[in-house]
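Construct all of the structure, not just a fragment, from the sequences and the given hints.
One line per chain: the protein sequences are A and B, in this order. Throughout the first sequence, residue numbering follows the numbering used here, covering 1 to 495 in sequence. Throughout the second sequence, residue numbering follows the numbering used here, covering 1 to 474 in sequence.
For the record, the hints were derived by calculation from the structure and aren't laboratory data. Honestly, I wouldn't trust all of these hints.
For lysine to any residue, the following SDA-like pairs were computed, each having C-alpha atoms within a straight-line distance of at most 20 Å [to be verified]:
#1 B/Lys398 with A/Tyr185
#2 A/Lys110 with B/Gly357
#3 A/Lys198 with A/Gly188
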Amino acid sequence: MNLSILIALPLLTATAVLFCREIRTVRWLSLGGVAVQLALAVVLLVRYWAARSGGAEAAMLFTSRHVWFPALHIWYYVGVDGISVAMILLTAFVMTAAVLVSWAIAPMGKEFFVLLLFLGAGAYGFFVSLDLFTLFFFLEISVIPKFLLIGVWGSGRKEYSAMKLALMLMAGSALVLVGLLGIYYHGGSFDLQEISQKHLPLETQRVFFPLLFGGFGIFTALFPFHTWVPDGHSSAPTAASMFLAGISMKLGGYGCLRVAVFLMPEAAREYSPFIIVLATIAIVYGAFATMMQKDLKYMNAYSSISHCGFILLGIGMLTRTAVTGAVMQMISHGLMTALFFAAIGMIYDRTHTRLVERLGGLLKIMPFISTVFVLAGLCSLGLPGLSGFVAEMTVFIGSWQHGGGMYRLATILACASIVITAVYILRATGRAIMGPVTDSQYSRLTDATWNERLAAVVLCVGILAIGVAPFWLTNLLGPGVNSIMVHAIKAVTIK
Amino acid sequence: MNQTMGASIIIGLRQELMIIAIIFILLVVKLAATGFRNEAIIRLANLLLLLNFIAGCFVGPDAQLFSGMFHTDRLIVLEKDMLNLGTLLVSLQAYDWLKGHRQVTEFYLLLLSTLAGFFFMISAGNLLMFYLGLELSTIPLTALAGFDLEKRTSSEGAMKFILSAAFSSGLLLLGISFLYGATGTLGFGAIAQRVDGGAFMTFGFILFLSGLAFKVSAVPFHLWTADVYEGSPVPVTAYLSVISKGAVFFIFIQVLYTAFRPLAVNWYHMLILLSVLSMTVGNLFALRQDKLKRLLAFSSIAQSGFILAGIIGSSRTGEASLVYFILIYIFSNLGAFGVVGLISAQTGKETIGDYRGLYANNKALSWILAISLFSLAGIPPTAGFFGKFFLLMAGAGKGNYVYVGIAALNMVISLYYYLRVVKAVFMDKSEAPIGKLKIGVMPNIAFVICVTGVLATGLVGWIYDYIFSLSTGI
Numbered sequence: 001m002n003l004s005i006l007i008a009l010p011l012l013t014a015t016a017v018l019f020c021r022e023i024r025t026v027r028w029l030s031l032g033g034v035a036v037q038l039a040l041a042v043v044l045l046v047r048y049w050a051a052r053s054g055g056a057e058a059a060m061l062f063t064s065r066h067v068w069f070p071a072l073h074i075w076y077y078v079g080v081d082g083i084s085v086a087m088i089l090l091t092a093f094v095m096t097a098a099v100l101v102s103w104a105i106a107p108m109g110k111e112f113f114v115l116l117l118f119l120g121a122g123a124y125g126f127f128v129s130l131d132l133f134t135l136f137f138f139l140e141i142s143v144i145p146k147f148l149l150i151g152v153w154g155s156g157r158k159e160y161s162a163m164k165l166a167l168m169l170m171a172g173s174a175l176v177l178v179g180l181l182g183i184y185y186h187g188g189s190f191d192l193q194e195i196s197q198k199h200l201p202l203e204t205q206r207v208f209f210p211l212l213f214g215g216f217g218i219f220t221a222l223f224p225f226h227t228w229v230p231d232g233h234s235s236a237p238t239a240a241s242m243f244l245a246g247i248s249m250k251l252g253g254y255g256c257l258r259v260a261v262f263l264m265p266e267a268a269r270e271y272s273p274f275i276i277v278l279a280t281i282a283i284v285y286g287a288f289a290t291m292m293q294k295d296l297k298y299m300n301a302y303s304s305i306s307h308c309g310f311i312l313l314g315i316g317m318l319t320r321t322a323v324t325g326a327v328m329q330m331i332s333h334g335l336m337t338a339l340f341f342a343a344i345g346m347i348y349d350r351t352h353t354r355l356v357e358r359l360g361g362l363l364k365i366m367p368f369i370s371t372v373f374v375l376a377g378l379c380s381l382g383l384p385g386l387s388g389f390v391a392e393m394t395v396f397i398g399s400w401q402h403g404g405g406m407y408r409l410a411t412i413l414a415c416a417s418i419v420i421t422a423v424y425i426l427r428a429t430g431r432a433i434m435g436p437v438t439d440s441q442y443s444r445l446t447d448a449t450w451n452e453r454l455a456a457v458v459l460c461v462g463i464l465a466i467g468v469a470p471f472w473l474t475n476l477l478g479p480g481v482n483s484i485m486v487h488a489i490k491a492v493t494i495k
Numbered sequence: 001m002n003q004t005m006g007a008s009i010i011i012g013l014r015q016e017l018m019i020i021a022i023i024f025i026l027l028v029v030k031l032a033a034t035g036f037r038n039e040a041i042i043r044l045a046n047l048l049l050l051l052n053f054i055a056g057c058f059v060g061p062d063a064q065l066f067s068g069m070f071h072t073d074r075l076i077v078l079e080k081d082m083l084n085l086g087t088l089l090v091s092l093q094a095y096d097w098l099k100g101h102r103q104v105t106e107f108y109l110l111l112l113s114t115l116a117g118f119f120f121m122i123s124a125g126n127l128l129m130f131y132l133g134l135e136l137s138t139i140p141l142t143a144l145a146g147f148d149l150e151k152r153t154s155s156e157g158a159m160k161f162i163l164s165a166a167f168s169s170g171l172l173l174l175g176i177s178f179l180y181g182a183t184g185t186l187g188f189g190a191i192a193q194r195v196d197g198g199a200f201m202t203f204g205f206i207l208f209l210s211g212l213a214f215k216v217s218a219v220p221f222h223l224w225t226a227d228v229y230e231g232s233p234v235p236v237t238a239y240l241s242v243i244s245k246g247a248v249f250f251i252f253i254q255v256l257y258t259a260f261r262p263l264a265v266n267w268y269h270m271l272i273l274l275s276v277l278s279m280t281v282g283n284l285f286a287l288r289q290d291k292l293k294r295l296l297a298f299s300s301i302a303q304s305g306f307i308l309a310g311i312i313g314s315s316r317t318g319e320a321s322l323v324y325f326i327l328i329y330i331f332s333n334l335g336a337f338g339v340v341g342l343i344s345a346q347t348g349k350e351t352i353g354d355y356r357g358l359y360a361n362n363k364a365l366s367w368i369l370a371i372s373l374f375s376l377a378g379i380p381p382t383a384g385f386f387g388k389f390f391l392l393m394a395g396a397g398k399g400n401y402v403y404v405g406i407a408a409l410n411m412v413i414s415l416y417y418y419l420r421v422v423k424a425v426f427m428d429k430s431e432a433p434i435g436k437l438k439i440g441v442m443p444n445i446a447f448v449i450c451v452t453g454v455l456a457t458g459l460v461g462w463i464y465d466y467i468f469s470l471s472t473g474i
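Take a look at the structure:
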């Protein structure tokens, strides 16, 4: 399967949308584009399975290489392993839902969809890149659409948030850039596989690991660089919030794993206590901060900081199970948070408020949206049967495998934060969804439209598919995680 | 024998001769055909410049003329043709401003004289030739800076320019005479052989370097830049910031890589200092500017700091990246200046506040401005990303990652002020936004070239590869 199609299709759709006049055509064309993309992602999954069960041994499948800048040994080099396939599926699900919930976006609907599709193309490109330059190109490509999407179609302090987000993510990219150049000059290439076989010297790893991990960490809300998350997510329009929390934050986690840990396993081992401390702080602090929020979007943004802490915790623990859990958490949180933001967006579109205290009794007025909200909430607090439980449980088991007092303590603290999650989720649900209708105006509001229903269903399918039958995902991720962990485990035995 | 000599001179000097021929044609038009309207002259001039650019695309043999005073090779031909393209773009974009101007022909005469000067400067194989070329371009540039004849700020800008240019020329000349005293020669090749790194010689070199730093407005030699850029007419500012700077950088890297190669240890550190200062100071001053011309002036100071990274690289990659970046810089900076110039010529508005809500009525202009600014900021998929990445890659070649880190953080700072403009254009609401502006055919062509250049130069890999194949490095 030619992976470049995954990047080209959103771009082609965006170009086609650019030439449409009617907003109706724009919508249907965008939806068509993302739907085909979703189908392609499923096809990719099936063909990946077929190839693996057919005995394909290579770490990366469906690779294709074209020389881009021969003088600098820069290649356009793409390929996938199980982790990438899972991330591509996640992106396809979230993008489809994002287009569906933006159906009535105004003004400048055309520009909105073009930018959104462009954003999607960047994410696909990032997940399939096997060349560090290509990867960095796709990482940074999202700056323009993110800034414009938040600044033009956002709400609240949108300009401030857009600027803050763009600058902080750019700072992350700057760290990544220096790290990449360091790797290039010490490893002699931008090719991920090639560098990983060369085994960078420990002194080099010590210098560049923090740069790369920190740089990618900013994308995934590594404490103390998480401050762009609440403002950015809350001010963004619904679709952009879904993308930001659902996919953009996962770019960071994926980068930490694929680049930093994969290429510099010994340094990862050395720095792992720092990562774990920071991740634990993010988990606990994020959870407590969420309790204090009155605005639903801020609530979900802070809870994203907490949940993304699990990703970093899993990566920092460096056991096979924990890393698998971290990747599952990326997928699970991506779907869950996108669903949550979609539900909040639907509520806000109708009630024009996101303050928990002003809402009440929504279940009676808009049962569908309220159910979606509750489902996302339950997934967030880890109800068995939904994806959150599976992912977090895997992270906890993996973390517990790591002996040592500090690691145990971090695991216990992380587990305990689930209780806090339950508190804020249930409190918000009780207040806003259950109870009496607080405002008589609300009784006139309508329930979800077809497109909103479809968006929610798409995401729920993903959540349930992981929650009910998690083994297909673990099996999918297995070889990819193994090939990353082989180096990290070797790193231990060498020492 | 004489005939072949003559022929080889003509072939070697063909790009310079083309420019001079155009100057003569325009002179004749000016004298003989007084009845020509402005627009006809502009059209003719643009046509000639286009022909000149196309002619420049043909590669001739390498040549050494006048016992090494003048030399040309494929890289130099390419560099000159890049300047040709830039001049054509400036001229196309100047349409709105020029069509009402009284001295259109003079504008082109002066413009092309500076270009001829730059060509001789780039081709110099000798410090004397270099200086002659530089001065040939400085004097007409001053006249151009004061070309808004009715505006006092324009005359003020011209005055500041000539004073600072005289000062920097003084430094250059003093440096050149010291170097001559120390080595007994002015030829690049001969200097390289006789450089001994003694104190006297080094002092001469520092003076020479300062003179060059003045011309590319590297901090701390940048003080003239903002005022001159602000006072001059927009097309002239664009020319100054792109063509003039690009030309000086071309010779800058050549001189350092040939004549002063033995002093590489010395200038490596000096240039790092200049580069860090230029990036940081330029960016910090740009943060608070409200006038777009001043903002772009400080941004161009910061860009100089980045371009210096290519020289610092002291490698083939460094040289190729520098030339490549200047090509990209021509497209992106001229795209931005083109929009600013068009708006300034039609409405007289030049501050960020005036640009609020520009998107409401001028969608195309807004996107051109945004894309150009993103390219200046180095965000993909625009070419600026590739340019900056390769420059920093070259800069990191000697293992100085602290320097590269500072440069990378400067990219973050610079993003802020570029985004400020984008924010004003797309997000801010204004009660009286700029109305729908008419874009003439010629500015339109220029915009199409700029945007295509900005979007395609990076993605198409062979452009860099071609430049790399011509570069020799240190």
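Hints violated by the structure (listed by number, smallest first): none
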